[in-house]
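Please put together the full structure from these sequences, using the hints given.
Protein chains: 2
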Amino acid sequence: MTDERREGIMRAVYSALCSAGYADLTMQDIADEAGLSKGALHYHFDTKRDLLIAFLEHLYGLYTDRLAAAEDAAGDDPEERLDALLDAAMYPPEKPAFREFRTAVLEIKAQAPYEPAYRERLAEFDGFLHDRVEAILADGVERGLFDDEVDPDAVASFVVTVINGAHTRGVAVGHPVEEVRETLGDYLDGEYATDREVEAR
Amino acid sequence: MTDERREGIMRAVYSALCSAGYADLTMQDIADEAGLSKGALHYHFDTKRDLLIAFLEHLYGLYTDRLAAAEDAAGDDPEERLDALLDAAMYPPEKPAFREFRTAVLEIKAQAPYEPAYRERLAEFDGFLHDRVEAILADGVERGLFDDEVDPDAVASFVVTVINGAHTRGVAVGHPVEEVRETLGDYLDGEYATDREVEAR
Numbered sequence: 001m002t003d004e005r006r007e008g009i010m011r012a013v014y015s016a017l018c019s020a021g022y023a024d025l026t027m028q029d030i031a032d033e034a035g036l037s038k039g040a041l042h043y044h045f046d047t048k049r050d051l052l053i054a055f056l057e058h059l060y061g062l063y064t065d066r067l068a069a070a071e072d073a074a075g076d077d078p079e080e081r082l083d084a085l086l087d088a089a090m091y092p093p094e095k096p097a098f099r100e101f102r103t104a105v106l107e108i109k110a111q112a113p114y115e116p117a118y119r120e121r122l123a124e125f126d127g128f129l130h131d132r133v134e135a136i137l138a139d140g141v142e143r144g145l146f147d148d149e150v151d152p153d154a155v156a157s158f159v160v161t162v163i164n165g166a167h168t169r170g171v172a173v174g175h176p177v178e179e180v181r182e183t184l185g186d187y188l189d190g191e192y193a194t195d196r197e198v199e200a201r
Numbered sequence: 001m002t003d004e005r006r007e008g009i010m011r012a013v014y015s016a017l018c019s020a021g022y023a024d025l026t027m028q029d030i031a032d033e034a035g036l037s038k039g040a041l042h043y044h045f046d047t048k049r050d051l052l053i054a055f056l057e058h059l060y061g062l063y064t065d066r067l068a069a070a071e072d073a074a075g076d077d078p079e080e081r082l083d084a085l086l087d088a089a090m091y092p093p094e095k096p097a098f099r100e101f102r103t104a105v106l107e108i109k110a111q112a113p114y115e116p117a118y119r120e121r122l123a124e125f126d127g128f129l130h131d132r133v134e135a136i137l138a139d140g141v142e143r144g145l146f147d148d149e150v151d152p153d154a155v156a157s158f159v160v161t162v163i164n165g166a167h168t169r170g171v172a173v174g175h176p177v178e179e180v181r182e183t184l185g186d187y188l189d190g191e192y193a194t195d196r197e198v199e200a201r
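Top line first, the protein sequences correspond to chains A and B. Quick note: the first sequence uses our numbering, first residue 1, plus one each step. Quick note: the second sequence uses our numbering, first residue 1, plus one each step.
The set of hints was computed from the structure by calculation and includes no laboratory data. Each hint can be trusted.
Same chains, same names: a pair is fine if it fits in one copy or spans any two.
Straight line, CA to CA, 35 Å or less: simulated DSBU-like cross-link-like pairs of lysine-lysine: (1) Lys38 <-> Lys95; (2) Lys48 <-> Lys95; (3) Lys48 <-> Lys38.
And the structure:
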């Protein structure tokens, strides 16, 4: 398959997920969005499941590129890198129908216990974010900028949980992600502030 | 409808959700679980949607009773009440097929943007937990047991987000809820510890 065709199919999955949600999604919906016959789509992907797995891999590439770029652009300071990373993780670029897409992702998460291949892909997103937060915290501690009592692994895991919660609460009850971002910033500030900074307050 | 029949139907919704999930759930599945004809079930509830709304109301009653009982049993101390409340919220009683049920609840959350009546019910759970955490924190501050710089509303909202995140991450990638409970305890301890306690460390 050419890169162009793959890209077109991935865009079609995005649009079809936004319109139909995951449960009602059909190969026909995706073929229609891609301007392909259902036969042509099946030539590349046997089942909706296979296509969704490829889509999750495609999203993972976009996600990791976006987060890495945000971190790079923030420069060298660990606090600024962490802020930029969390902004990128919590405020994805506003694409059309972004709310609907976020909802479809939650549906896919709810399929994970029954689809080990989805779970594996979702665990990659989870692990990537965890590992980046952990690495930045460890760097800050090593350079004496963050409190050396910070446990980078435990804090990173908590951050990933909070971001999952922001996503779910946003979908389920419309809770504003911005509010979570702010409280998360305060939490992290309290975690990694050095004793010298705390005394100066 | 008698209380007994209602109770039987609610138990049947629970079982059918665990077996079929939300998306594939049919009135026939629920009627079968309840030992009723589909006609008898439709006599009480027009649609799957109506029945799910009644089920969410039923769950809300169980949830609030359970959390209130846990808090009461913990006595008068705000720290102990908060611990008991969070344990009750994060570790529901182990019912059969509890993992499957948790997964179905995540599916229902992903329907909320399209079903305002589901969203309203889900917002009641969210609001109840928020308000109890907020009230306990405010009580602790008022009695001089918690740091008076704690913002009970902001911390309560963060706690609700974390519990949503624990639930989602548990379903999506199998992340252990126990780990989140522990880090949440440490976070809260850091939030409400008074200056005197911090100095004594």
